[in-house]
Structures are given as C-alpha cells and as structure tokens.
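Chains as they are written, first to last, in our numbering: chain A, 306 to 824; chain Z, 21 to 505.
Heads up, some of the hints might be wrong.
Pairs of lysine-lysine, DSS-like flavour, derived with a Cα cap of 27 Å [stated by the list, open to error]:
| # | chain 1 | residue 1 | chain 2 | residue 2 |
| --- | --- | --- | --- | --- |
| 1 | Z | Lys365 | A | Lys318 |
| 2 | A | Lys728 | A | Lys757 |
| 3 | Z | Lys40 | A | Lys450 |
| 4 | Z | Lys40 | A | Lys477 |
| 5 | A | Lys477 | Z | Lys365 |
| 6 | Z | Lys502 | A | Lys413 |
| 7 | Z | Lys433 | A | Lys450 |
| 8 | Z | Lys289 | Z | Lys354 |
Because the hints were derived from the structure by calculation, they are not lab data.
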Amino acid sequence: MSQSAEKVLDHFKLFREPEYKEMFAKKKAEFEYAVPDEALQHTIEWTKSEDYREKNFAREALTVNPAKACQPLGAVFAANGFEGTLPFVHGSQGCVAYYRSHFSRHFKEPTSCVSSSMTEDAAVFGGLNNMIDGLANAYNLYKPKMIAVSTTCMAEVIGDDINAYIKTSKEKGSIPAEFDAPFAHTPAFVGSHITGYDNALHGVLTHFWDGKAGTAPKLERKPNESINFIGGFDGYVVGNNREIRRMFKEFDIDFTMLCDPSDAWDTPTDGEFRMYDGGTSLEDAANAVHAKATIAMQTISTEKTVKMIEEHGQEVVRLHHPVGVAGTDKFLMELSRITGKDIPDSLTKERGRLVDAIADSSAHIHGKKFALYGDPDLMLGLTAFLLELGAEPVTVLSTNGDDKWAAKVQELFDASPFGKDCKVYPKKDLWHMRSLLFTDPVDFLIGNTFGKYLDRDTKTPLIRIGFPIFDRHHKHRYPVWGYQGGMNVLVTILDKIFDVMDADTNGIATTDYSFDIIR
Amino acid sequence: MSYTVDLGVNGAELIEEVLKAYPEKSAKRRAKHLTVHEEGKSDCDVKSNIKSLPGVMTIRGCAYAGSKGVVWGPIKDMIHISHGPVGCGQYSWASRRNYYIGTTGIDSFGTMQFTSDFQEKDIVFGGDKKLEKIMDEIQELFPLNKGISVQSECPIGLIGDDIEAVSKKKSKEYNGKTIVPVRCEGFRGVSQSLGHHIANDAIRDFIFDKTDPNKNEFTGTPYDVAIIGDYNIGGDAWSSRILLEEMGLRVIAQWSGDGSIAELENSPKAKLNILHCYRSMNYISRHMEEKYGIPWVEYNFFGPSKIEESLRKIASFFDDSIKEKTEEVIAKYKALTDAVIAKYKPRLQGKRVMLFVGGLRPRHVIGAYEDLGMEVVGTGYEFGHNDDYQRTTHYVKDGTLIYDDVTGYEFEKFVEAVQPDLVGSGIKEKYVFQKMGVPFRQMHSWDYSGPYHGYDGFAIFARDMDMAINNPVWALTKTPWKKVA
C-alpha cells in the first residue's frame with residue numbers, strides 16, 4: 306500500500322506505484338486479449354510513414370480529431386456579448402449542456418444559456434409548444450433584457466419556423482410583444498462555430514436595424530462619426546476586447562463594440578453571481594447602424610454580417626485576426642484613415658516596443674519551423690506574424706478553413722522569403738496533422754489544447770494558442786491583438802522555445818555545457 | 021432515524037418561495053420535483069425521470085451523452101463514431117476523464133474524436149453511404165481496432181438513415197467484425213438516462229447475442245466477478261479493482277472504464293456482477309441475471325464505512341476463504357483510513373454540503389462525507405428515476421432538501437438560502453457558486469483529481485474536500501471597504 310494520510314497520492318503518482326503497475330499488467334495479459342506487442346509496434350511505426358500519410362490524406366468520409374465545433378456554439382458566444390441577453394437554443398437540450406460546459410472549461414466562468422428541451426413528440430409535431438413555454442419560463446426566471454434564439458440541428462432537420470414561433474409565443478403572452486427576441490438559424494451541419502457566430506450576430510443586428518421581424522419600422526441610417534468594431538468568435542475575447550477598447554480610447558474614437566462578452570466571461574468572485582454583466586447595450590446595437598464604418602477583426606468569422614452592414618451603407622474594413630507589427634499597423638492605419646485621426650503617439654511608442662522585443666529575441670525564433678492549426682482568421686494572423694519573426698510556418702492547417710482561405714495563406718507565403726517551403730492545408734483535421742508532423746517534422750506546433758495529443762505522439766512541443774484552451778488557465782485574459790497582444794504572443798512562443806532548450810541541455814555531464822544562464 | 025439535518029431555513033417555505041418565480045403552469049410541474057425529506061417516504065416523494073421544462077436551464081444532457089459519453093466511449097479498443105454533425109463529438113471529446121492504458125490511435129481510441137461531420141448534403145441525401153465509407157477508412161487507417169460503434173446524433177433518426185443495415189453489411193464484409201449501431205439520438209427520452217438504457221441494450225444485442233461464446237479462450241474460476249458501472253473516472257475502477265483482487269476475487273471485466281471488448285464478451289462467464297452505477301447499468305445486470313443466471317449486487321466504494329459494508333456484502337456471495345481475506349483487507353486499510361480521518365475530520369467536522377450530480381453519486385457519496393464528520397443537507401439527481409430516490413431514503417436524513425432535475429434558478433436560490441459550506445456538482449455549476457463565495461468541487465470529473473473510489477481514493481477525497489473548504493481565498497471574497505447591506 307502506497308497511500309498515506311501524510312502524503313496523499315492522487316492519479317498522477319498513485320498508479321505508478323508497483324501494486325497498480327502489476328495489476329495493469331495482469332489485467333492486460335489475462336483479460337484484454339490485447340494486440341500482440343509486435344503488431345502494435347509495427348502499426349505505430351507504420352502510422353509515421355509516407356505510406357500512411359498518403360492513405361490518411363485519401364480519406365473522403367471520416368473525420369478524426371477535427372479542430373472545429375458546430376454553429377450553435379458560436380451563436381451562444383455571440384448572444385453572450387449583448388447586455389442582459391440570455392441565449393436560447395431551440396432544439397434538443399443536451400446540446401446546451403455541451404455549449405455551457407465547453408465555454409466554462411475554456412473561460413473558467415459560468416455560461417448561462419437555456420434550451421427549449423425538445424424530445425420525441427416535438428420531433429413529430431414541431432417545437433412550437435417548447436418555444437412558447439420555454440420563452441415564458443426563461444423570461445420569468447432569468448429576467449433577461451433580450452433573448453437571442455438560435456437552433457440545433459434537430460430543429461433545423463424538422464424545419465421549425467422559429468420566426469413564426471417567436472411571433473406566436475408573443476401572441477400567447479410568453480414574452481411581451483415589444484421584447485427583443487432576435488433569432489438565427491444555426492444548423493450544425495453547415496459551417497462551424499464561426500458560422501454560427503456570424504449568423505447569430507447577423508440575426509441580432511438585422512433585428513434592431515431592419516424592423517424587428519416586421520414589428521417596428523426599419524431604422525433609417527443617419528451616418529455619424531462612430532466606428533463599429535466586431536471581434537468575431539475569439540477565445541481571447543476577455544483580454545482582446547479590453548485591449549481594443551484601450552486602443553480606441555488612446556485614439557479618442559467614438560466606437561461601438563458589437564458583441565462584447567468580455568465582462569460576462571470575467572465576473573469577479575465577490576459573493577455575488579452575475580448572470581449578466583456588461584455587453585453591448587441594446588441601444589448601442591441599434592444605433593450601430595448609423596456608424597461611419599465597421600471594422601471586422603475576423604472577416605471569415607463574420608462574412609454574412611459584414612456584407613449586411615455594407616448593404617446598409619457602411620464602409621467595412623476586413624481584417625483577418627491581425628497579430629504582430631504589420632498586422633496591427635494595418636489595423637491602426639485603417640482606423641486612422643476611416644476616422645481621419647492621427648495614430649496617437651502612445652500607440653506608436655508601443656509599436657516601437659514590440660519591434661524592440663522582436664529584435665531582442667529574434668535569434669531564437671529565426672528559421673524555426675512551425676506547424677499551426679486553428680480557425681481560419683487566426684491562422685492568417687499567426688502565419689503573418691511568424692513570417693514577420695523570420696520563422697517558417699511550414700504547415701498551416703484549418704478544419705473550417707476552405708480553399709479561398711488557403712489561397713489567402715498562400716499569398717502570405719508568397720510574399721515572404723520565409724514562406725518558400727510552407728504549405729497550407731484547408732479542410733483537414735488533426736489526424737492529418739499527425740501524419741504531417743511525422744513526415745514533415747517541425748520544431749514547434751501551435752494549436753489549442755487538443756494539440757497536446759500531437760505533442761505526445763510526435764514529440765513536437767505544443768505552444769497553446771487557439772480555442773479551446775482547457776488545460777492552461779487564464780490565457781484568455783491576455784490579449785493577442787494590438788502591439789501588446791503581439792508582445793504576449795511573442796513571449797508565449799519564446800517561453801516554450803526556452804523551456805525546450807533548457808530541457809534539451811540539462812543532461813548532467815552530457816549536454817549541460819549548453820545549459821546557459823543567459824540566453 | 022430521528023436525526024434531522026440542519027437546513028438552517030424552513031425547507032418547505034424555501035421551496036414555495038422559489039416556485040413563485042415560475043409561471044403558474046411551470047410552478048405546478050416543478051413543485052413535484054422538490055421536497056424536504058421526511059422519514060417514511062419510500063421514494064423521497066418526488067417525481068423524476070420526466071421531461072425537463074423548456075427554458076429553465078436544466079443541467080441535464082441527452083441520450084447521446086448517456087451512450088457515447090458514458091457507456092460506450094470508455095471501451096478503449098473500439099472506435100466510437102459520433103455519427104452526425106461535428107459538435108456532439110467535439111464537446112464530449114476526452115472530457116470525462118475515463119482513464120485507460122493503451123496506445124492511443126493505434127490499439128486504443130478513448131481520447132479521440134471520430135465523427136462523420138455531417139454536411140447539408142448528408143442530411144438531404146442521407147448518410148448511409150458515407151457511413152459505409154467511414155467504416156472502410158477506419159479499417160484501413162486503424163487496423164488494430166477491435167470493433168466499431170455508431171453513436172447516433174439527432175439527425176440520424178430524423179432523416180431515416182438505416183445504420184443497422186449498414187452495420188450488418190459491413191460486419192459481414194469484415195468477417196463478423198463487431199459493429200454496433202446505437203440509436204442514441206439526443207432527442208430520445210428526457211435525459212442521459214435513456215441513452216444508458218439504449219447503450220446497454222446495444223451491448224446485449226450486438227456483443228452478447230452476436231458473439232460466439234467460445235471466441236476467447238477462457239478458463240473460469242469460482243471467484244470471477246465483473247465490475248459493472250464504473251467508468252474509471254480519474255482511475256476509480258482501478259482503486260476499486262485492487263481491493264477486489266486483494267480479497268481474492270478475479271475481476272474478469274471492467275464495464276466500461278478501461279474496458280476492452282473482450283472483457284465485455286467474457287462477462288457472461290462471471291459468477292457475480294458487482295454494480296456500482298445502478299442507474300446506468302442495471303439493465304445489463306438484470307439481463308445477465310435472467311439470461312446467464314449471474315447474480316448482481318450493488319456496492320458503494322465511497323468512504324470507509326460504505327466500503328467496509330460493501331466488501332462484506334460482496335464477500336457474502338463467496339466461500340470462507342474470501343470472507344477471511346476480506347476481513348484482512350478491511351484490517352489492512354484501517355490504519356490508513358484512521359489516519360485520514362484523524363487528519364481531516366477536525367478540519368471538516370460539521371460542515372454542510374449540498375450535492376447535485378448524476379448516476380449514483382447523489383446518494384453514494386453521502387457516507388464518505390459523514391465519515392469526515394460532514395453533513396449532506398441537500399441532494400438531487402440530474403437524471404435519476406424513482407428507484408434511485410427509493411435507494412436515497414437509506415442515505416438521507418430527515419429535513420434534507422431534495423431537488424430532482426434542479427434548474428439553474430432553483431439551485432442558485434437554494435444555495436443562497438441554505439448557505440452550505442460546500443457544493444458538489446458539475447462544471448456548469450462550479451463557477452456560479454464560487455462567484456457567490458461558496459466552496460465547490462466538481463463531483464462528475466472529481467475536479468480533475470481522483471480517484472475517489474476505494475481506500476486509496478478516500479484519502480484523495482478527504483484531501484480535496486479540505487482543500488476546497490479551507491481554501492484561504494474564501495476569506496477574501498468580501499471587499500473589506502464595502503459595507504454589508
């Protein structure tokens with residue numbers, strides 16, 4: 306027995322004790338009828354081969370370890386960015402349990418969201434009654450200012466008309482007639498979580514701008530000098546939105562952040578649970594129609610929304626998750642152009658500091674090879690930054706990035722000498738990535754928490770940047786946008802490089818001559 | 021039992037007050053799920069296993085979660101296809117901490133996400149052809165897999181796909197390979213619970229009934245048992261198995277944590293099925309009793325009192341040699357549990373706990389808390405049935421607040437009023453209560469700790485509860501310069 310009250314061993318160490326190791330070996334030998342070791346070793350080696358890679362890339366139907374989620378997750382994200390808004394997902398209830406868990410595991414925060422809890426009878430007769438009762442219950446219990454309705458695949462497959470259902474619910478008195486209940490169809494079998502974000506935000510804005518589903522006059526745009534900012538589906542939203550707000554203030558720009566869950570996903574522990582906190586006010590959401598222009602920080606995540614905004618007469622600045630110096634330069638220069646305001650000296654100085662930091666550290670990044678995967682906009686931003694650092698993003702992969710996205714990544718490669726041997730992989734998953742890491746090895750991998758399996762299998766050190774990050778805490782609090790954000794990304798990459806360097810040089814009397822105190 | 025828990029408030033009034041927030045129709049329905057336990061009520065006097073109200077923020081999941089997430093997912097040498105759109109598999113990917121030993125991606129697949137990633141065309145034209153191709157691709161790329169299960173997501177049942185036919189065809193094509201279609205679409209039933217049942221039935225139909233009983237060379241002993249309903253969360257089944265082996269039993273199968281398909285296949289050869297999670301696996305236990313004559317016994321491996329009781333209960337099915345060894349096991353661990361209690365009880369004595377979990381835990385963990393001098397003053401099941409509440413009456417004391425399928429609103433109000441020293445529930449609830457300044461432990465995932473089962477687990481359980489309750493951070497939640505209203 307190894308356990309003791311003085312030194313409690315939990316799963317990390319307990320199962321390495323001899324009594325457990327012996328038990329595992331016996332279980333395997335006597336009861337599992339396991340694969341013979343030779344076949345196991347043979348297969349392990351085979352999965353590392355060019356042959357396996359070829360077969361792996363020939364897959365047409367099976368997806369293994371994808372780096373994307375489904376639409377309603379993004380819809381819940383978007384809803385959570387508005388003042389006092391309760392996301393309401395029409396369909397099966399298990400989905401909502403999943404979205405709430407997923408966000409809570411990433412942000413370490415509560416995520417409020419309700420379901421219309423449709424079951425077999427609703428599958429047959431439609432979910433109207435679920436909507437009627439659900440809206441009434443949600444409204445009475447959780448006292449929201451707005452309920453943003455989206456759909457699961459169940460409701461979409463049976464073809465529920467949620468616009469009509471919301472209207473009927475209002476007629477039945479579930480919610481007041483004038484209560485804001487925007488909606489969006491967010492089928493899980495189309496696009497990914499970023500599509501759901503787009504659809505839901507589109508739903509909210511068209512609700513306020515285009516006559517609240519036929520119940521109010523459409524707003525007439527009276528252009529003002531304000532700027533709208535849309536961040537897109539962003540795992541760093543807590544840090545990023547605050548950083549962006551600070552930058553806008555430095556500029557002294559009148560702006561509206563459209564969809565801002567940065568407070569909702571960062572409430573204090575002070576004895577009170579805040580179901581709602583912060584967010585874009587409904588008034589601001591409506592008035593955003595009058596803005597001079599809209600900045601879309603992740604255009605692929607907001608394609609439909611920005612097109613709609615453009616159709617309302619605004620200029621749209623389309624960016625792709627700018628990270629680093631040139632990306633932020635472009636963001637600020639566009640901001641300066643559309644507002645006519647000079648870029649403030651304070652930000653100019655921050656730029657110089659980021660350049661300074663890069664100059665200080667570039668020797669350790671220059672020429673290092675990276676593989677990275679994630680949402681398409683993030684990949685464009687990170688690829689550009691890595692090229693800027695003199696690194697080689699040799700493998701850039703996205704499950705929810707399409708061929709159009711891949712062409713954009715290729716443009717980045719083509720514009721840099723460091724992009725010469727780099728390759729982009731649209732619509733691929735992390736099992737494809739596993740093959741690539743074996744056949745085209747790199748120094749570092751950049752991705753979300755699930756990349757740790759690739760790190761384990763291929764021994765490619767993982768730098769955690771992306772969504773979700775479940776196994777490291779508080780990363781979402783640090784911006785990756787702006788020069789400060791670029792600094793955070795730089796340091797995140799450097800920390801891993803140095804950790805790996807130290808771990809690789811600490812062999813006593815073998816490699817520790819390079820175990821330098823100054824790097 | 022004359023002892024009454026200290027709820028600190030009038031439970032009946034509290035329930036009445038909380039129900040006021042609902043529209044009338046909903047209040048009436050929710051009232052049936054909420055009560056203050058009185059001795060003599062055979063099932064805690066609550067309604068259970070009925071539909072959740074829409075819009076109330078139920079904590080429940082779905083049948084897919086019950087099948088793929090709970091029952092099938094942990095079977096390590098099979099590939100479980102999340103069949104339908106990408107989300108379900110993505111959100112349940114490796115999040116349940118069903119530990120296993122194996123080479124992932126080669127001979128084990130537990131922490132991987134295999135999905136058919138349905139697109140619009142699959143919805144419109146059906147996904148059967150795609151499913152066939154997926155099985156071919158699995159066979160080519162993961163040749164050491166021992167079987168495939170098809171875990172249906174909502175659209176499958178709605179678009180009329182015939183996954184049974186595809187599975188049958190492919191099984192034949194691959195020489196009788198085990199391929200299991202599971203109809204666990206998320207809209208079926210009212211919670212995870214129906215998914216457990218459907219998953220149990222699928223094991224019966226596609227593993228037991230389709231497997232040649234002599235497939236695996238197997239020499240039985242009189243001491244062969246199967247652990248049923250332990251998902252090896254944080255290693256729970258391991259810290260249980262070790263005790264069973266020490267008492268002289270031979271554990272021929274683990275259902276399903278760290279389980280392999282061969283273990284499932286051999287289970288009908290067990291002499292006794294020992295059942296931890298009654299809710300999720302009573303079905304297969306009853307089936308094995310009826311069909312193979314294997315008796316089953318429920319046990320509880322949380323906390324020394326219940327472990328001791330359970331070890332003796334299990335031993336009672338065997339001869340004296342086992343009974344003697346069982347006493348030796350109990351004696352062997354006595355020093356450990358005494359030391360754990362001596363260390364932690366003074367720090368935890370009198371602390372009040374509210375629980376809301378799934379499966380067996382709303383009742384099973386009560387004894388472990390009591391061993392540490394703590395008191396459970398409120399409990400409820402996410403997806404329990406009447407028979408769970410019947411069993412609960414043996415654990416709870418008079419005055420305990422009982423809440424079935426609690427809603428976010430109710431739970432928040434109950435905790436606000438009762439002011440427990442600890443809440444034990446899930447990830448969706450964790451941060452709500454921590455914001456309120458109430459210590460919390462996740463009692464599904466053990467908050468990434470564990471194991472909690474067995475004697476080894478009890479030490480960890482005690483340490484973790486102490487760590488949560490006596491965390492100095494809870495003295496900091498009130499801002500010193502803010503006056504209390």
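Hints that the structure is at odds with (numbers, increasing) = 5 and 8
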